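Protein sequences, first through last, are from chains A and B. Everything in the first sequence is counted per the numbering used here, starting at 11 for the first residue and increasing by one. Everything in the second sequence is counted per the numbering used here, starting at 15 for the first residue and increasing by one.
Simulated from the structure, these hints should not be mistaken for lab results. Keep in mind it's a predicted model, so treat the numbers as computed, not measured. Keep in mind that a hint or two might mislead.
Said to hold, decoys possible - Sample of chain B residues facing chain A (criterion: CB under 10 Å; computed from the structure):
id	residue
1	N44
2	L55
3	L223
4	V287
5	V315
Stated by the list, open to error - Chain B residues, not near chain A, derived (Cβ > 10 Å throughout):
id	residue
6	H30
7	W31
8	T282
Where is the CB? At the ideal position from N, CA and C, for every residue including glycine.
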Amino acid sequence: MRAIVTNGARAAAAWWGDHAAAQLGLLAGTVLLFAVLGANTLENMERFGIRPGFEFLHRAANFEIGESLVAYTAGDTYGRALLVGLLNTVKVAVLGCVLATALGLALGIARLSGNLLLSGIVQVYVELIRSTPLLLQLFFWSATLHALPGPRQAFQPVAGVFLCNRGVFLPALRFDPLGWDIPQLAGFNFTGGATLTPEFAALLIGLAVNAAAGIAEIVRSGVQSVPAGQWEAARALGLPRRRILRLVVLPQALRVIVPLLTSSWLSLTKNSSLAVAIGFPDLVSVINTSANQTGQALETMAILAAAYLTLSLAVSVAMNAWNRRLARRGWP
Amino acid sequence: MSADAALAGRLAPPRHWRAWRDGLFGSPGNALITLACVVLLAWALPPLLRWAVLDAAWTGSADACRAAGGACWAFIGEKLRYILFGLYEPDRHWRPATALVLLLGFAVLAGLPRFWRPGMVPAGAAALGGAVLLLAGLPGGEPVPTDRWGGLPLTLLLAFAGMTGAFPLAVLLALGRRSGMGVVRLACVMVIEVLRGVPLIAVLYVATLLVPLMLPAGVSLDKLLRAQLAIILFVSAYMAEIVRAGLQAVPNGQYEAAKALGLGYWGTMRLVVLPQALRTVIPSLVTLGIGIFQDTTLIVVIGLFDVLNTARSSAADPQWIGFYDEAFGFAALLYLGFSVAASRYSLWLERRLTTTA
């Protein structure tokens, strides 16, 4: 028992380190600073007639939200509005990560191809995307999608897919009876199928195109990190090119790629907050409206920070687990 | 030949015509890819060229532009001063222009290794201070409130002050994160991870919405100053991680040797460890700087007018409404110019540092 106590004390002392008094002072100073700021905040809130606390989440939010995964109308609670914003953020982040990864993989492979023209085109694409601000790219996509012709003159790049100033209309899978639900022009707009609003489509395309440039570079550096001797040895064993890639090169490349991919997904998730600038109602946008209407800046900012920290943490935990598995088995 | 060299050889542009021939038409599959690429380029480039150059209107009114059918570069000519300097009074544009030259000039000087000496620190502070005074309309003349500052000088000011202001903070955070003192370490880890876990927009909203509420009644901080402080804090977290990587790259023997010479903690850090650590991370710091230069555009969401926002709002002028493609194209060229120059500089610097080290 005594051994455990001394061990614990020793560990605590090792954690605490030198200058215990100065550190206690620092701790006390930080607490004091936050106490003063907190007291100021409470005083100011009282002056403006705002009641501190999360009770406002149950009050009615008198604003519309453009699109939502769950039912919402103006007059529902602020809590519900924030949930709508959070779900919109998650929706665009998940779809964005999937699209960006697929596009980035294709571009990375194209960059590694022996064809000089193809590799050069990808290089120009990557440079162009990385040298301009994401917000500028989002403004561009937003302006482009809003400048498309009306539904009657909609573009149809692939059968069943329609692009017009009302958004992007895609065929959707239908379960009863099983089949495709194709969008149809009815009057002044399309009905049926799946609809992406222009704001959502601009954000999704912008985020995916932007992150894909980074992912292409990650894929390239990952494959390049595998020594040429590995290729040669596998060829000496008589393996065909396809199996060399699958069994020898990719498992080693993935060890480099996966940690970098994680940070690229995390930054895509954080970058989805730029939605507020092009009118997509993500979490930041709903938080901003709520904070301005209720004056509950402290509470809304706390929710915002907590939401993003949780999202970041969740992605890193999942990817770290996958990465450990990958390091052990060499293949997902 | 190592794999890197082999692949680098494959990815570098070839010097011999035969390498070009093999790279484009080496096999039937390869020739097919080349053909597909040519078709793609032939489909995409001519309309772009026609719009940007052949059908473009370089002078004239908005109506003449609309009749031409191509890009309206006359619009950029008409709005150039607004895009560059925002809402600043037109007859005092020499002030933001001089501030711009001051900031750019200092950036170029600070980029040359021959000027890396202690005297550059006060010189940098003087350049930043001078730019702020010029923009503020001081000395001599009517003061200009910060909500009228805008355009390119504002973008550069936010980026430069963001990087330079974050630097001391980042070094302290990085040292603190590796410190033996538990409370200091914990505090630094929390600051760094929280700032890196939230988007810059969230930090900017805290600065605009929450900070005024936290100040005592009667005390107020300028909105631009609050945004600048938010950017400095945000940058310092990312910079601290870069500096930490540099600190980890310094061999343990260096710490021990400094200790054997009788140097204390700060002496060791200042004279032995930090000079080596910072030298290795300079290219990463340049990359971070390019990112921050682009990220300053986010101040749009709190209603400030950087060069992207002035470009965008110039296309909302009723007389010239709707020329968004031209406005965004011009802004893109500006950012592209700065970023490409900076990344080329970073490559040059990396080569120079590795050859002289």
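* To do: List in ascending order the numbers of the hints, as given earlier, that are violated by the structure.
  => 4
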